[in-house]
Amino acid sequence: MDYIFRNTLGPAAWTAIGLVLPAIFALYFLKLRRTPLEVPSTYLWHRVIEDLRVNSLWQRLRQSLLLLLQLLLVLLAMLALLRPGWQGQRLEGKKFIFVIDNSASMNTEDADDATRLDAAKQQVAALVDQLESDMSAMIVTFSDRPNLAQEFTDNRRLLRKALERIEPTARQTEIRGALELADGFANPEKVIVEENGPAFDAAAPEPVELFLFSDGRFGPVEGFSLGNLKPKYLPIGSPESENLAITAFNTRRSENSVNERQAFVQIANASSQDTSAEVVVTLDGTLLDAADVDCPAGQSTSYTFRLGEVASGVLQAKLTAPAAFKDALDLDNTAYAVLDPVRDTRVLLVTPGNTTLEIALNTERTQRLAEIKVVTPEELKQEELKRQIQAEVFDLIIYDQYAPEQMPPSNTLFIGRIPPLPGWQEESGKEPVFGPQIIDWQRSHPLLNLVELGNVQIIDTIEVDPPPGGTILIDSTKGPIAAIAPRGAFEDAVLGFELVGVDQEGNVNVNTNWPRSFSFPNFCLNTIEYLGGASQLRDSSFRPGKSVELNLVGVEKEVTITLPDGQQRERQRPEKGKFTFHETDQLGIYEVTSGGKTVRRFAVNLFDREESDVPLRVRQDDEDKVQTVESLSIGYVDVDAAQRESPARKELWQWLLVAVLAVLVLEWYIYNRRVYV
Amino acid sequence: MPTAPESELLTPALLNQLERLELVTRKIFRGQLKGERRSKRKGQSVEFADFRNYVAGDDLRLLDWNLYARLDKLIIKLFQEEEDLHFYTLIDASMSMDFGDPSKLQYAKQLAAAMGFIGLVRADRVRIETLGQQARERTPVLRGRHNVWRMLEQLENIEAGETATLAEGVKNFCLRNSGRGIVLLLSDMMDKSGYEQALRYFMSHDMDCYVIQILSQEELEPDVKGDLKLVDCEDADEAEITVSAPLLARYDRTLKAFTGGVQEFCNRRGMNYLLANTQTPVEQLVAQHLRRRGLVR
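Protein sequence lines, in the order shown, are assigned to chains A and B. Residue numbers are given in numbering that gives the first Met the number 0: position 483 of the first sequence equals residue 482, and the series is strictly consecutive. Residue numbers are given in numbering that gives the first Met the number 0: position 129 of the second sequence equals residue 128, and the series is strictly consecutive.
Possibly wrong hints are sitting among the right ones.
[As the list claims (entries may be wrong)] DEER-style ranges, computed between Cβ atoms:
| no. | chain 1 | residue 1 | chain 2 | residue 2 | range |
| --- | --- | --- | --- | --- | --- |
| 1 | A | Glu37 | B | Ala256 | 23 to 29 Å |
| 2 | A | Ser63 | B | Asp236 | 49 to 55 Å |
| 3 | A | Phe24 | B | Ala256 | 36 to 42 Å |
| 4 | A | Phe24 | B | Asn156 | 41 to 47 Å |
| 5 | B | Ala235 | A | Leu665 | 36 to 42 Å |
| 6 | B | Pro139 | A | Ser63 | 58 to 64 Å |
| 7 | A | Glu37 | B | Leu174 | 46 to 52 Å |
By construction, these hints were calculated from the structure, which means they are not laboratory data. All C-beta atoms, glycine included, are put in the ideal place defined by N, C-alpha and C.
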């Protein structure tokens, strides 16, 4: 009964109200002393009354209509005082933070045709309706970054407006920022320090209710203290939702034929039933290939399409689930990829002779990525080559045991030499040092990706110190021995130690055992991919919401970017360095044009298994076989999912009061015009 | 023409209007005195009727001497006889007649005065009585225009408060007045013992009977509300009602049935019936409704 009615009055008040009913009865019977009225004759009246006696019960009721209305009025008022309502619990507390997930997975349409975000908004709206005048609330949304939709306010209109403004995104989920934002508001760390006195908090800690509306597509939040926040997790969505998603889509050259291209599609089935999906690959809208791909439940499968010799264009893979399969999330059913003309990375290797390096640059893999030209320092003096270098024909120039007089307009890798630039020259050591032991290296840098330098021995090296803005790649007991630093639109990497060197006598000596380990060819590959820009060409797909760096050297200053929905953005290309574009919230193909020519195209795809895995995670309790939604782990606290009920309590008392008013008006009307009723 | 007497009951305008009217009866009755009314009998008037041969015993004054001179025959010239008419007005002066604004009794008096005036002007025998009069208690018969003031005086002396029932009053009236003529019954007919017996007395006396049922606006469309205890002013009988629209609708139906019943009773027996609302001006009632009914012309 507590669920339906909520008592608002004490026993004394109820007694007083209870006395109203007998009072009305008493008053009614007192009133029934009829007014005597003298009439010429009761002759006709008697005949009228005799007729009426036939259906006297109804007449009696009709006669006491006013009494009934008064009783109804009091009963309605009493019912209103009981505050009848249904579904939900009361909002308790003074301050509330509504944290709403608007990541890609919240676009999922569960059983009813509303998205999860809509459901969450609806629930928050219901909670906002329940706010009382002394309560304030704040709305925070989060996807891969938090967003403060509305600061603390007790203005429900503002809250509702803020709620309406929340738009779905295609981004990933990262709750930490939102929690930190909420924490910043909930736990103000203002400290007042008096002279020679103890410090104390300026704001009294006030518990804040944190309502988290999410489908839980994120991992545990570690090292976060909730403080005054009292979290409440309201899972949105259904454990039974089904989804098919393209989680990867890229193209590469065929292993067998250099000119042939392949498209690789990975499909994830986030449901508990095996199914098959139709995948259609189109190029600029024309059908290239289609396939029926079997997708086992809960797993992902891949399929490779042979595209033949296609030059360029926009590839689109579209997945269609069978009719029996209710694909809940549409965002991830289409994937885009940009096919650029096959253009090799051009690498110029300037070396007096280095077989080790040449072999490492000649692997099958690097051949597919780059076209490598080897010249000696003497040949570099040829006019033809000089012109090619100035015309930026080469993406990467590797200087082995040689330093040019001036830097070329391309990325460079110096081996055993320091670039002829003031920044490098001043900082670095002039003389070789012997026997450096490698202490540490930047494993996260793309150049040293999957490169293990643990047992690399080096005989001698030059100490390498990059100019400001550079990064030390390898550190040794004798100081840094490898570094990378930007130079305008280019980057220069320097290895302080030679691979092979030529001593005073002209003998070729091995300076390091690195080329013998597996990590060396990896390093060469990384160099070609990173410095040669091969990786950028190959991978033109980005995540929504992430900023995209574009190397727009050699295009005009005015750049126009066309978004997938056709909107255009005018931007200025920066003088130096890379162009960064941030508005990547839409999925699809972005086209960069400059001077009427398409300069670059890139695709933004969801490609996130976590976001596409839409069913709510459930935990099976062994004892009673009840499925409960998995709880969230925030800091050291497990936040249990609240019961799957709407937290909104719908109350009737306002309507009851309106009804009371209506009955009152009706009673007044009947009293005054009762003759006609 | 004599000036009309000033009275509450008769206004000069009404008198002017009434001067032009006369009482009519569908039955032709024998009057006692010579009046202004054409009779069945041939007699003395200015209006020529017929000739016939003289027989012994005829009044010699009626001989047409011109014919005698021309034809040498005794021919009597017959003229249309003009007679007077008995015009009785019987007023119900019970307590119930004292209701309404103007009260029903006042209305009845006005009507009686108007009709009586017409009768007096046309030299009819006018007698005004009330239902409460005893069988032996007689009121004078009035005749001639100069008796208007006496009639009005008599009317003004009538006061509500008589207790006789309708049937009783009519019976006494019939006992007192054997002469046939027009009788005008002014009553609300609200008698708990019924009106049928009363009307039958008129039948037996072969009178040209006009029943005018006078009801006040309060009775026709009662303006009451709330919980009421209705008290009958005559016998203090009580009726408790709670006024509601259905109750009023039912009252309306009952009233219509009642008046309709009286009307049908009268029509079947050759009487004239008229329902008068006290809100209808007397002159309108006389000039329109009664003229249409054929009581006056």
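Against the structure, the hints come out as follows:
Look at glutamate 37 of chain A against alanine 256 of chain B: about 24 Å separates their beta carbons, and that is inside 23 to 29 Å. Between serine 63 of chain A and aspartate 236 of chain B, the C-beta spacing of about 25 Å breaks the proposed range 49 to 55 Å. Between phenylalanine 24 of chain A and alanine 256 of chain B the CB atoms are about 38 Å apart, so this pair conforms to the stated range of 36 to 42 Å. For phenylalanine 24 of chain A and asparagine 156 of chain B, the Cβ-Cβ distance of about 55 Å falls outside the hinted range of 41 to 47 Å, so the restraint is violated.
Taking 36 to 42 Å as the suggested C-beta distance range, the pair alanine 235 of chain B and leucine 665 of chain A conforms, at roughly 38 Å. Separated by about 59 Å at the C-beta atoms, proline 139 of chain B and serine 63 of chain A satisfy the suggested range of 58 to 64 Å. Distance hint check: the CB atoms of glutamate 37 of chain A and leucine 174 of chain B are about 33 Å apart, inconsistent with the given range 46 to 52 Å.
Hints 2, 4, 7, counting from the list given before, are not met by this structure.
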